[in-house]
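Colleague: For reference, the chains in residue letters:
2 protein chains.
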Amino acid sequence: MSKYVYGIDVGGTSIKIGLFDMKSMEMINDFEVETPKYNHKETIFETIYQSITNNNMELNISLDDVLGIGIDVPCPVKKGFVIKCVNLDLNDTDLISSMKKYLPNHIELVAANDATIAAFGENASLNKPYDNAVLITLGTGVGGGVILDGVIVEGATGLGGEIGHIKVYDEEEKICGCGSKGCLEQICGTAGILNYTKTLLLDNISILNKDHLSVKAIFDAAKLGDDVALKTVHRVAKYIGIAASMLSIINEPDVFIIGGGVSKSGDFLLDLIQKYYKENARFTTGEIPFKLAVTGNQAGIIGSAMLVRSVIENK
Amino acid sequence: MSKYVYGIDVGGTSIKIGLFDMKSMEMINDFEVETPKYNHKETIFETIYQSITNNNMELNISLDDVLGIGIDVPCPVKKGFVIKCVNLDLNDTDLISSMKKYLPNHIELVAANDATIAAFGENASLNKPYDNAVLITLGTGVGGGVILDGVIVEGATGLGGEIGHIKVYDEEEKICGCGSKGCLEQICGTAGILNYTKTLLLDNISILNKDHLSVKAIFDAAKLGDDVALKTVHRVAKYIGIAASMLSIINEPDVFIIGGGVSKSGDFLLDLIQKYYKENARFTTGEIPFKLAVTGNQAGIIGSAMLVRSVIENK
Numbered sequence: 000m001s002k003y004v005y006g007i008d009v010g011g012t013s014i015k016i017g018l019f020d021m022k023s024m025e026m027i028n029d030f031e032v033e034t035p036k037y038n039h040k041e042t043i044f045e046t047i048y049q050s051i052t053n054n055n056m057e058l059n060i061s062l063d064d065v066l067g068i069g070i071d072v073p074c075p076v077k078k079g080f081v082i083k084c085v086n087l088d089l090n091d092t093d094l095i096s097s098m099k100k101y102l103p104n105h106i107e108l109v110a111a112n113d114a115t116i117a118a119f120g121e122n123a124s125l126n127k128p129y130d131n132a133v134l135i136t137l138g139t140g141v142g143g144g145v146i147l148d149g150v151i152v153e154g155a156t157g158l159g160g161e162i163g164h165i166k167v168y169d170e171e172e173k174i175c176g177c178g179s180k181g182c183l184e185q186i187c188g189t190a191g192i193l194n195y196t197k198t199l200l201l202d203n204i205s206i207l208n209k210d211h212l213s214v215k216a217i218f219d220a221a222k223l224g225d226d227v228a229l230k231t232v233h234r235v236a237k238y239i240g241i242a243a244s245m246l247s248i249i250n251e252p253d254v255f256i257i258g259g260g261v262s263k264s265g266d267f268l269l270d271l272i273q274k275y276y277k278e279n280a281r282f283t284t285g286e287i288p289f290k291l292a293v294t295g296n297q298a299g300i301i302g303s304a305m306l307v308r309s310v311i312e313n314k
Numbered sequence: 000m001s002k003y004v005y006g007i008d009v010g011g012t013s014i015k016i017g018l019f020d021m022k023s024m025e026m027i028n029d030f031e032v033e034t035p036k037y038n039h040k041e042t043i044f045e046t047i048y049q050s051i052t053n054n055n056m057e058l059n060i061s062l063d064d065v066l067g068i069g070i071d072v073p074c075p076v077k078k079g080f081v082i083k084c085v086n087l088d089l090n091d092t093d094l095i096s097s098m099k100k101y102l103p104n105h106i107e108l109v110a111a112n113d114a115t116i117a118a119f120g121e122n123a124s125l126n127k128p129y130d131n132a133v134l135i136t137l138g139t140g141v142g143g144g145v146i147l148d149g150v151i152v153e154g155a156t157g158l159g160g161e162i163g164h165i166k167v168y169d170e171e172e173k174i175c176g177c178g179s180k181g182c183l184e185q186i187c188g189t190a191g192i193l194n195y196t197k198t199l200l201l202d203n204i205s206i207l208n209k210d211h212l213s214v215k216a217i218f219d220a221a222k223l224g225d226d227v228a229l230k231t232v233h234r235v236a237k238y239i240g241i242a243a244s245m246l247s248i249i250n251e252p253d254v255f256i257i258g259g260g261v262s263k264s265g266d267f268l269l270d271l272i273q274k275y276y277k278e279n280a281r282f283t284t285g286e287i288p289f290k291l292a293v294t295g296n297q298a299g300i301i302g303s304a305m306l307v308r309s310v311i312e313n314k
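So the sequences go chain by chain: L and F.
If you count the first sequence from 1, position 59 lands on 58 in numbering that gives the first Met the number 0, and the numbers rise without skipping.
If you count the second sequence from 1, position 136 lands on 135 in numbering that gives the first Met the number 0, and the numbers rise without skipping.
These aren't lab readings, by the way, just hints derived from the structure by calculation.
Incorrect hints may have been included.
[Said to hold, decoys possible] The following label-pair restraints were derived from C-beta to C-beta distances: (1) F:E31 <-> L:G11: 56 to 62 Å; (2) L:G285 <-> F:N313: 34 to 40 Å; (3) L:D91 <-> F:K274: 44 to 50 Å.
[Unchecked claim] Now the stretches of chain L that chain F is said to cover, found in silico as 3 or more residues with beta-carbon under 8 Å: (4) 241 to 251; (5) 279 to 286.
[What the hints assert, rightly or not] Over 10 Å on every C-beta distance to chain F, these chain L residues come out as not near it, computed from the model: (6) L108; (7) E153; (8) K166; (9) L201; (10) D202.
Since the structure is predicted, the reported quantities are computational estimates derived from the model, not experimental observations.
Don't be surprised by glycine CBs; every beta carbon is placed ideally from N, CA and C.
Let's have the full structure, built from the sequences with the hints guiding it.
Modeller: Structure (structure tokens):
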């Protein structure tokens, strides 16, 4: 008889749900439902329960055969508890007990921050997962997560692993949303990339069209050798490399994994990041490998499912 | 019947040894012996064994009542194993099995890097130890260690927690001994402090005597309001604060502990570090407390003894 785990990725607009075979971790099916608008402390857990109940009925799966549910949320989480959540109405919520009241006791539950769950899932998805891994995701913002000795680093209150706010640029004048300045995200997030490129376009010839600028267009132009685009891409790679060098000093991971939309530019970006990493790392940690993330926008459901499976297996 | 643990701090010139009551952690006695000159893979462990045997005889303590021995060494250690050691001839040495062969089986052994052991000991020495702590030591070099969920962060090969090599100063031109540049140690280590002050003294009036310059003299002059000394001390505090802000982003400790010789300047330095930390930390982590280290040059023996005791207690 097959056994199953669910991976649930709770976002601001939708809740993604994936059902996995516990043994092979093959995904049986996945779907998404709208995130409820209000009263999230109740409605999110009701919605998850209803969704998996309906899915089980359609697939003729008994809840008895579901061994675990992993849940991620877009806010800091410490041991399953949310102190403060900007994106959802989940302040002071124990995610585990909130979900547990809908479910039979045999179901293992884990809950963590979405970016750290993604880090866990990306590492677990490698051919040979490492004990110590760092995921850096490059998208609208810059995020990520840190895994040490196979465990997610949450920090004192769940704020650990917020890689986008590592200070990398001492000369920055603008204040970041986090209250500091010179953050990695200010340079390597979408706004940082576009603004820097626009400034370059004022004085330089380029194939880029300043009225239709996108991160993808910039990376594509860089691959074609456009000087302005190359300058931007090198700047992004440089500061990701510097941030990685700091992470290697503090936590010495076995691997860096680069994910998020920007990582779609593939080895072109990865090679540049690694070049700048080596320039900034000390001798002893210069050879830590860099890999591209593979789970894409399923990182949340895969990571959540893998995390709960690992908790079940280590019991 | 009392039970005991030993804490051993292996340095390049001496081995410090402390005997502690297992229950109260009161230090019964401590002493030091010269570090053997050669063949460390054998002689260090022989020396430790002989030293504790002699000490036990003098104090009329049976080896049966020694429950654990903690050992620190001045090089990276991963799970009790040294891959490479610059300071001692301990390359490719399993510290645990090298020590174990001299001892009865009931004695628990732990071994780790000296700075990370100190971090463990400093945190454990607080009135109320935290789960997550960072020690930053300011001496000839800048070192430290990271404790997460009560466990020392060793990283992939034992190079974790080497706080002195966090890159904090993008404009640095000189290469650091680690191969990178702009490292915290380049600014806040003794050489960095003295060199910067000497440069300031070329063009500025000061009560400092450039021919008899020391870190202590600089901090003392700063307390008296000397402008040159104050400029140096603010620079040190600023970059410690920036490094701490990075550590808070990545690992979010519950506490920062400042140790090493420079920390003897006390609250004067601590308050400045905290000021710069707050300026550079994001809103959510600005309130992490800073404390002064208390174990002084006994950090190694206290930390080693406390670490092995915690392993015994958690069994």
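Colleague: Run every hint past the structure and note whether it holds.
Modeller: Hint by hint, here is what the structure shows:
Our hint of 56 to 62 Å for F:E31 and L:G11 holds, since their Cβ atoms are close to 60 Å apart. With their beta carbons about 36 Å apart, L:G285 and F:N313 fall inside the hinted range of 34 to 40 Å. Checked against the given bound of 44 to 50 Å, the beta carbons of L:D91 and F:K274, roughly 31 Å apart, lie outside it. A stretch counts as covered by a chain when three or more of its residues have a beta carbon under 8 Å from one of that chain; for the segment 241 to 251 of chain L and chain F the count is 9, and the coverage holds.
For the segment 279 to 286 of chain L, the stated coverage by chain F holds: 7 residues have a C-beta nearer than 8 Å to a C-beta of that chain, and at least 3 were required. Distance check for L:L108 against chain F: the nearest CB is about 20 Å away, which clears 10 Å, and the non-interface claim stands. A beta-carbon of chain F is positioned within 10 Å of the beta-carbon of L:E153; the least distance is around 8 Å. A beta-carbon of chain F is positioned within 10 Å of the beta-carbon of L:K166; the least distance is around 6 Å.
Listed as outside the interface, L:L201 is consistent with that label: its C-beta sits roughly 24 Å from the nearest C-beta of chain F, beyond the 10 Å cut-off. The claim that L:D202 lies off the interface holds: its Cβ sits roughly 23 Å from the closest Cβ of chain F, which is beyond the 10 Å cut-off.
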